[in-house]
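> Produce the entire structure from the sequences given, and follow the hints as far as they go.
Number of protein chains: 4
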Amino acid sequence: MSADEQNQSSLKTRLNRIIFGYDTRAGRLFDLVLIHAITISVLAVLLDSVSSINEQYHDFLYALEWGFTVLFTLEYGLRLYSSQKPGAYARSFYGLVDLISILPTYLVFLFPGAAYLIVIRILRVLRIFRILKLMRYIGEANVLIRALRQSRAKIFLFLFSVMTLMIIFGSLMFVVEGPENGFTSIPASIYWAIVTLTTVGYGDITPHTYLGRGIAALAMITGYAIIAVPTGIISSELITEHQRMSQMEKADARKNPEPKAAGDIQSLCCRHCQHAGHDADAHYCKVCGTALAR
Amino acid sequence: MSADEQNQSSLKTRLNRIIFGYDTRAGRLFDLVLIHAITISVLAVLLDSVSSINEQYHDFLYALEWGFTVLFTLEYGLRLYSSQKPGAYARSFYGLVDLISILPTYLVFLFPGAAYLIVIRILRVLRIFRILKLMRYIGEANVLIRALRQSRAKIFLFLFSVMTLMIIFGSLMFVVEGPENGFTSIPASIYWAIVTLTTVGYGDITPHTYLGRGIAALAMITGYAIIAVPTGIISSELITEHQRMSQMEKADARKNPEPKAAGDIQSLCCRHCQHAGHDADAHYCKVCGTALAR
Amino acid sequence: MSADEQNQSSLKTRLNRIIFGYDTRAGRLFDLVLIHAITISVLAVLLDSVSSINEQYHDFLYALEWGFTVLFTLEYGLRLYSSQKPGAYARSFYGLVDLISILPTYLVFLFPGAAYLIVIRILRVLRIFRILKLMRYIGEANVLIRALRQSRAKIFLFLFSVMTLMIIFGSLMFVVEGPENGFTSIPASIYWAIVTLTTVGYGDITPHTYLGRGIAALAMITGYAIIAVPTGIISSELITEHQRMSQMEKADARKNPEPKAAGDIQSLCCRHCQHAGHDADAHYCKVCGTALAR
Amino acid sequence: MSADEQNQSSLKTRLNRIIFGYDTRAGRLFDLVLIHAITISVLAVLLDSVSSINEQYHDFLYALEWGFTVLFTLEYGLRLYSSQKPGAYARSFYGLVDLISILPTYLVFLFPGAAYLIVIRILRVLRIFRILKLMRYIGEANVLIRALRQSRAKIFLFLFSVMTLMIIFGSLMFVVEGPENGFTSIPASIYWAIVTLTTVGYGDITPHTYLGRGIAALAMITGYAIIAVPTGIISSELITEHQRMSQMEKADARKNPEPKAAGDIQSLCCRHCQHAGHDADAHYCKVCGTALAR
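Protein chains in written order, with the numbering used here: chain A, 1 to 294; chain B, 1 to 294; chain C, 1 to 294; chain D, 1 to 294.
Since the hints were made in silico from the structure, they are not lab data.
Just so you know, these numbers come straight off a predicted model, no measurement behind them.
Check before you lean on any hint, since a few could be wrong.
[To be verified] Simulated restraints, written as ranges between beta carbons of each label pair:
(1) B:Phe109 <-> A:Arg244: 55 to 65 Å
(2) C:Lys250 <-> B:Phe156: 23 to 33 Å
(3) A:Gln84 <-> D:Ala90: 51 to 61 Å
(4) C:Arg25 <-> B:Phe160: 18 to 28 Å
[As the list claims (entries may be wrong)] Every beta carbon over 12 Å from chain B, so not counted as near; a handful from chain D, in silico:
(5) Lys12
(6) Ile38
(7) Leu64
(8) Gly87
(9) Ile128
(10) Ala153
(11) Ile168
(12) Thr184
(13) Tyr202
(14) Ala228
(15) Glu249
(16) Ala251
Each residue gets a CB set at the ideal place from its N, CA and C atoms; glycine is no exception.
Laid out in structure tokens, this is it:
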């Protein structure tokens, strides 16, 4: 390895720690700047769609947009360059989000007809999650995600039952109320059933006959009562998760009475593929096999 | 028993395993084909009710409907034939649903006036539950159904109290607001009370007097607060159920201390360091980083 | 005591068991007839308020109403006669409901101007609770009521905080949106805030300015998030109640291993003042001191 | 210290106990008077904003307002005077609320143009919390606040995810429905998404295309399902808090085995059979039927 290559390698490592990590001062500063840049650029997309603002500040917003696009393109390039496995990064969820965040501006420049693509830039907001993931929210998110994963079969079953109810209530109302009262087709009636069972209740389609109102009342009470089911599922799962964690902590405390080194938890997010949620005793990322730095 | 009878008997048994079972490859394939056929036929019923689609693709949808009806009739016949007790099957819930799924098409063919019967075909969607039941969702559903059954007296009491509240609030508003503000009768006012207490809030009937708005505000806060009751009931029941199941598992573990033979769990043991207990989504051993064979 | 007096006394006791009790065949039949009479008379009040039905069946409904009024008056008289302490019965909650259920018909007959009093008859629906109380729902209701009573300070605090939020959001919107957008006064704006925070959302008053919509969005997210608080309170209280009951049952089982006599639970409702919720070891009603029959 | 100074000091201490405390008869009376004065003055602000009432009773409400302002100014002065550290009190949350409650009336008197400032007086309602805090609700509030604080990271994460969903759904609907269906800009579409996901459902902006209705249905079901998450979080936290408190109580009981001296509990012991442990609402001994002396 020549001195030049060695320099480059150490630069890559340093960049990697700053861009992907959170344990250095520069890395934290980088994330802080990034989180503000993302927020401002998303706000710019929002304001750009308001016609009165668009007319007045069009040039300023256009310049801002190109500024952020160039900045994010630079960031994307550095991420590709400093990543240990650039291909894996580019194909990962956050790699794709990073690409999608900058692509629309270039595409609309090249093909001016595709102006609606601009809206895709709003997905930049997803990039904030990566930064949150690195921060203190990682542990909390894991408990939540594990509880949701544990209960996904029950939730799926619940949603499937609710959708069946929606189809049956919708079809019934199509027959009872009919097109003359706004229930123009079964899909439209199912849309009404969804609006009603979820207790949203726009009021754009409402029953007018006595029988229709009776069925609607039944649908509302059903919707009101069954919301209790997913809530119960997730509550019970979270409590079970809580109890398991406190038991594990007790067991850990018995085995290793000395306190753990601080900074332990944040390094359990894989620097390479950003997969979080590794067990406390894991030494290698269970998704990509990279050694977990501690 | 003649050879022919024996052949027939073995055919019946084979058919029974394929149609009603889920443990053979052919049985799983049959269920997969059936689940898709049901979904497409339900979608066809939905689209058929949209007048613009009906006009354009009427012939195609009509042919599709007859195709599915013949297919489901054949399936119904095979179920009756291969069932050990055809009478019991025919009178069972799913037997009736199977019959109801095919009957409307024939009836409308015979009595063209009864076109609204066509909508009954939508109940085909219920047939999907039988297939889900056979699959992995069975255990989850049992916990849910047991919890709901345990709490049915409390839920009934809650619903009865809510309905009493709805009747009282509705009658009160009929007196306070009266027909000139849309509260045309007590049943209509009760309909308003249901729309309000379940927090659906269409806005097709709304109070206009100060006193009426005050009572409506009271009804809303009541509805908002009491939704907590069924949720609490089901949460507490699910947690109790959870704890009972985990105690049963512990009791089981004490009785049979040898590990279970489930091949699934065994393969999550690392070939290199023999570390077991990896998560279901792990691809690499979390201790030594070796790829996990599956 | 003369033979006549003795006869009368035994008649009173028998009537008391039939009318207030649930443990004889005649008592159950009486309750069954009563529950149907109440339901039909409430339905008659509902239908009577629908103008099209009122015009057509006025005479029939009027006759029905007088029939039920005479029947319920007779029942009220028998309750007063057979009660051990008629004064206590007349002043009890159900005694008042019984009186209120029959009074309006007589009052309107005497003072035809007070026609709106008729609606008060709807309170008959409350009488069904007495019958439910005697039936199997008694135990369930006690758990629910105890949990609600345990958490009433927390619920009050929550409702007070929510109302403060409603007042503040309402006043804010009155300033921001103003009378020209439907927010005509602070009470009207608070009504809007209640409609919004409880997620009812009629849509009769909606914000139109950008700032107003922003504040409304904040109010909605607040309302959506804080519904979790009372639900959490009641869930946690119900689970605690559950655990205490199962511990009490275990403790009881250790002390008295012989099974309890069936019918134990229903007799824990005081025959005299209808107070339910006596402890399992109570021999006398804690409200009126009457011996509890077992 | 001169006699005069000593007198003043003892006056200050006595005033402090009355104004800030709740343990003297005068202190409780002071709080009772204050809670009524606050409620009436808030009601006056509410009624003052109703134009029909304002026109008729303007002079009376104006006089009332000045009366309360002088009263509250006096109270503020006494609080400053009797406080041990007047500066700390003035900068505390309740000190600021006390100042804000009286300032607007003076400011509007000085600068008549700033009439909208009057609405700020509504913040007086916050002053009631200080009094509640002193009363029995303090313990309950602590449990609630601790549970909410424990779960604030999870709640923040949930709200951030929900807001991301709202931004994405809103932008999608802006593209699909467009300005011609009321989705005039991305902020307006996000407002629609908030109205829909929180299940408020005003109906002021509703989808009209098939695709738009499909996406709206998805948003509703999402909103309906994810409300379960914060509820589950708070339930689980409250239960954990409950269990920790009951364990602490047990630990306390082990340390101090002698019974507490609370006279309250002792009087619930029957004079006749000495049975203790009667419920708080018991009037008669549940063992022997003797009236319980209180």
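> Looking at Tyr202 of chain D again, its CB stays over 12 Å from all of chain B?
Non-interface label fails for Tyr202 of chain D: nearest chain B Cβ at 8 Å, not farther than 12 Å.
> The hint says 18 to 28 Å between Arg25 of chain C and Phe160 of chain B; measuring C-beta to C-beta, is that right?
Because 25 Å falls inside the window, the suggested range holds.
> Hey, does Ala153 of chain D actually stay past 12 Å from chain B on C-beta?
Fine: 22 Å to the nearest Cβ keeps Ala153 of chain D off the interface.
> Verify this label for me: Ile38 of chain D is non-interface relative to chain B, using a Cβ-Cβ cutoff of 12 Å.
holds, 21 Å
> Is it the case that Ala228 of chain D keeps its Cβ farther than 12 Å from each residue Cβ in chain B?
violated, 9 Å
> Hey, is Ala251 of chain D genuinely clear of chain B, shortest beta carbon separation above 12 Å?
Ala251 of chain D clear of chain B: closest Cβ-Cβ about 23 Å, beyond 12 Å.
> Checking a non-interface call: every C-beta of chain B should be farther than 12 Å from the C-beta of Lys12 of chain D. Is that right?
Given that every Cβ of chain B is farther than 12 Å from that of Lys12 of chain D, nearest at about 43 Å, it holds.
> Determine whether the Cβ-Cβ distance between Phe109 of chain B and Arg244 of chain A falls within the hinted range of 55 to 65 Å.
holds, 59 Å
> Can we trust that Ile168 of chain D is non-interface, i.e. its beta-carbon lies farther than 12 Å from all of chain B?
Label holds. Min Cβ-Cβ 25 Å, cutoff 12 Å.
> Is the claim that Thr184 of chain D lies outside the interface with chain B correct, judged by CB distances over 12 Å?
Holds: least Cβ distance 21 Å, greater than 12 Å.
> Does Leu64 of chain D clear chain B by more than 12 Å, comparing its Cβ with all Cβ atoms of that chain?
holds, 20 Å
> Is the distance from the Cβ of Lys250 of chain C to the Cβ of Phe156 of chain B consistent with 23 to 33 Å?
The hinted range 23 to 33 Å holds for Lys250 of chain C and Phe156 of chain B, with Cβ atoms some 28 Å apart.
The structure shown violates the earlier hints numbered 13 and 14.
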